[in-house]
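Line by line, the protein sequences give chains W and V.
According to my numbering, the first sequence is numbered sequentially starting from 1.
According to my numbering, the second sequence is numbered sequentially starting from 121.
Treat the hints with care, since some could be wrong.
Restricting the straight-line Cα-Cα distance to at most 20 Å, the calculated cross-link-like pairs of lysine-lysine (PhoX-like) are [what the hints assert, rightly or not]:
hint: 1; chain 1: V; residue 1: Lys170; chain 2: W; residue 2: Lys28
hint: 2; chain 1: V; residue 1: Lys173; chain 2: W; residue 2: Lys28
hint: 3; chain 1: W; residue 1: Lys110; chain 2: V; residue 2: Lys228
hint: 4; chain 1: V; residue 1: Lys228; chain 2: V; residue 2: Lys173
Read the hints as simulated data drawn from the structure, not as lab findings.
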Amino acid sequence: MNWMLISYSLYLLGSVFLTLWVGRHLHKNGFAFIIELLRDVELSKNVNNILLIGFYLVNIAYSLLVLKENFTIHTLHETIELLSYKLGLIITILSLMHFCNIGILYFIHKKYIHYEPHRH
Amino acid sequence: MNLIVISYIIYLILSIGVAIWVAEVLFGNARLFFDDIFHGDQLLSDSTNKLLKMGFYLLCFGFILFQMETYQRVNEFRELFELLSIKVGTIVLTIGVIYLANVFGFFKIRQKANIRGGLRLTNDARVSLEAVEKEILK
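The shape of chain V in the complex, shown without the other chains:
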């Protein structure tokens, strides 16, 4: 019985760690996407980012907790490893699928926003783009 509790604890630590790391990476880099989609409206882009991040966390944690229960008996360390590999593997795979779905969603939304409003570059991007154009036309 004790080994099962240990495997639950390790499973929770690993899965929650992976979820938090993926969320930080995804929504840290998605800020640029949202700045472009909302054409520089900082408040709206920040709000969308935080809301989608919260939704991501909720989805991941719900799934992690649902997946946790197992009817397998764990009697020795070897079986603990095998059980952990199946559980954590399922979680990492699922989080990967959710992550990719989010990324494709962001691309789609940006496409739609550009069709509607035209491509707006941020100031730095515009400056560097003009520098590159000058180089080419020289």
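Next up, chain W with everything else stripped away, as it sits in the complex:
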């Protein structure tokens, strides 16, 4: 049983799925913030899509780059440990990106804040 292959495949599946899931979630829910900032629905839709593609690219590239491990594993419990370490790293990076995105939108918004009520 080639545990290394199994764990690589599971890691890839897991990290791609996570990237897609978090990306779609941000795409749907971050839309309101971009509208707050840019005040133009069409422009916001396009900016949202651009940010989504950028997010996918950065995250999938990172998870592919850190795939390789120099040791080899022989048992099930080592597989679980390796997967937990790698997927944990990916999830932590994703959460950092997530909060960075929110933070950037928030600070830009603070700079250009309008005090009038929300309207379209």
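With the hints as your guide, set chain V onto chain W.
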């Protein structure tokens, strides 16, 4: 070796369960906070709620997975219990700290929003507040 796998599985089930439960409680009740902060803007408040909830989940799951690996040998059930108690205890403590940080953050944000925009009550709250005032002034 088999006992370690069992303890990993139990650890994952318990930790993920605690994380999901805390997230549901926290962000189910935070909706009211965000409605007040954004002065009734339903779309913005819903979006903030979902985004922060997702961030909470990501943070918790990342930490749970990082904490999972152990170099201890587990040979019998007693050692399994002891290992589980340490691991799950660390997770519950950490999730508690993140939870409290979130709650304090929400309070702070609401304070800031009120200083900037003035306190706006929702319709029900305003109605019940007026009823109470009438009672007092009677």
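For each hint, the structure was consulted:
1. Lys170(V) to Lys28(W): The given pair, whose Cα atoms are some 10 Å apart, holds under the 20 Å limit.
2. Lys173(V) to Lys28(W): holds, 14 Å
3. Lys110(W) to Lys228(V): holds, 16 Å
4. Lys228(V) to Lys173(V): It holds: about 18 Å lies between the C-alpha atoms, which stays within 20 Å.
Of the numbered hints stated above, none is contradicted by the structure.
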